[in-house]
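With chain A fixed as given, assemble chain B onto it according to the hints.
As a plain string of letters, each chain reads:
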Amino acid sequence: MPNLVNSSQFIVNRYSKSLVLLLFIVSGLLFPVQAQTSPLEKAQNDYNFQTSQYKDAHDKYATARSEYLTFKTALSKDKAYQETKNYLIQVDLLYKTFLALVQENTNSLNWDSANVSKIESNNILTTETSFFDDNQKKVLAAQTLEELPPLAKDLKDHVTQSTNLKLNKTLATAEIVQSKSLLFDFNTLSATLDSSVKNKLQEGNTQSVFLNWATENANIKTLASQKVQFAQSEFAKSTTQNMDTATLNNIADSAQSIKVDLQRSVNLFEELLRLI
Amino acid sequence: MINEPQNAIYDTHEPQLPKVKTGPNPVLLKLKQAQAYAKKPKFITIGILVLTIFVVILALTMVSKNQTQNQTPTPSFAPSAGNPTPKPQSELQKKVEEYKNKVDNMQNFRTKLSYPIVDLDITFEK
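If you're matching them up, the sequences are chains A and B in order. Its first residue numbered 0, the first sequence is counted upward by one per residue in numbering that gives the first Met the number 0. Its first residue numbered 0, the second sequence is counted upward by one per residue in numbering that gives the first Met the number 0.
Calculated directly from the structure, the hints in this document are not laboratory data. A portion of the hints provided could be inaccurate.
[Claimed, not checked] The list that follows gives simulated cross-link-like pairs (lysine-lysine, BS3-like), each with its CA atoms no further than 25 Å apart:
hint, chain 1, residue 1, chain 2, residue 2
1, B, Lys94, A, Lys199
2, A, Lys220, B, Lys99
3, A, Lys258, B, Lys93
4, A, Lys117, B, Lys125
5, B, Lys125, A, Lys155
6, A, Lys220, B, Lys101
7, B, Lys93, A, Lys197
8, A, Lys199, B, Lys93
9, A, Lys78, B, Lys125
10, A, Lys258, B, Lys94
11, B, Lys94, A, Lys197
12, B, Lys111, A, Lys155
13, A, Lys41, B, Lys101
14, A, Lys59, B, Lys125
15, B, Lys101, A, Lys71
16, A, Lys197, B, Lys99
17, B, Lys111, A, Lys54
18, A, Lys199, B, Lys99
19, A, Lys41, B, Lys111
20, B, Lys101, A, Lys54
These numbers come from a predicted model, not from an experiment.
With the rest of the complex left out, here is chain A (with noise of 0.2 Å):
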């Protein structure tokens, strides 16, 4: 009886087997390769994935802090130590894979029209996330609960007095790359438009939307330009690496108002195409 048994088991696992083993390879030619990842998209999955580990932990935190302080033994004081070592180390990664998500951003974007320096805003980002993996080393060595609280206010103070600051740069730089950017290709898009535009008014056709379309081209160039100039001269206020989040603030308004113009330059650059 049990070679009937393992018989049977063995014709039915052979089918069975090679017919997952022939879906596997057939889903695989049909479907090729649809799972990779951008660097972007990789970062933005850490940091997500970061994101859920850290509150985790800081519940994890919270609730272990809350035990010590009412029981006081020894156990909840190891458990507590335990956990705020956890959650040390997890804001530091968080930190660190939000730098790494900075990074691919200002990395996807065309620094070829910017005068600010990628080299520049890339050591910014490194020198903060050594000092996140510095911290992190500390706080893995850490033997008692109370080494803990001064470390987390160390951290504490670096992100407010220095993190920040630089992030703002940063923010602030990749928003003035990314303008500059748009307006040479509005330049550009505008000077090929701008010939066929004189072709059709030297052949005779002289409707008015042809002639007003130079005065409206200037005009957003002229207002894209000048937008572009006061966030670069706002962006020159600060010389060191850090930058206040109020200048942050003019720059990014300045760069979200640059978008609006220029959309309206899409809308006007598509009408054309229709009459030309």
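Chain B in isolation, oriented as in the chain A frame:
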């Protein structure tokens, strides 16, 4: 003479003994059935059918891919003044489309990359 019913012939046979069930174990029977089922062409046919379906899908996918690659532009029968669609304009349209996408996808980094908010006020005093 009274005719005896034909059935009477059988009556002359010796009475049959009640059958004693000596068949195999029901579990064993089920196992045998399973073995038979696995060997049945039905099971193999299902496998072949699934394989055929996937091969057909694969072939259709490949054919459609080839069609899009080798697709030649449909000749236009619209009346023209002897001038085909000017190439520069289609390039311009492409450029305007690219530009539009860039403007639409312009990021607001300040909001997209909002900084992590962490609790670093760690104390163990009430």
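These are the hints, each one checked on the structure:
| no. | hint | result |
| --- | --- | --- |
| 1 | B:Lys94 - A:Lys199 | holds, 20 Å |
| 2 | A:Lys220 - B:Lys99 | holds, 16 Å |
| 3 | A:Lys258 - B:Lys93 | holds, 20 Å |
| 4 | A:Lys117 - B:Lys125 | violated, 48 Å |
| 5 | B:Lys125 - A:Lys155 | holds, 21 Å |
| 6 | A:Lys220 - B:Lys101 | holds, 17 Å |
| 7 | B:Lys93 - A:Lys197 | holds, 21 Å |
| 8 | A:Lys199 - B:Lys93 | holds, 20 Å |
| 9 | A:Lys78 - B:Lys125 | holds, 18 Å |
| 10 | A:Lys258 - B:Lys94 | holds, 18 Å |
| 11 | B:Lys94 - A:Lys197 | holds, 19 Å |
| 12 | B:Lys111 - A:Lys155 | holds, 23 Å |
| 13 | A:Lys41 - B:Lys101 | holds, 22 Å |
| 14 | A:Lys59 - B:Lys125 | holds, 18 Å |
| 15 | B:Lys101 - A:Lys71 | violated, 59 Å |
| 16 | A:Lys197 - B:Lys99 | holds, 23 Å |
| 17 | B:Lys111 - A:Lys54 | holds, 20 Å |
| 18 | A:Lys199 - B:Lys99 | holds, 24 Å |
| 19 | A:Lys41 - B:Lys111 | holds, 16 Å |
| 20 | B:Lys101 - A:Lys54 | violated, 35 Å |
In terms of the numbered hints stated before, the structure departs from hints 4, 15, 20, listed from lowest to highest.
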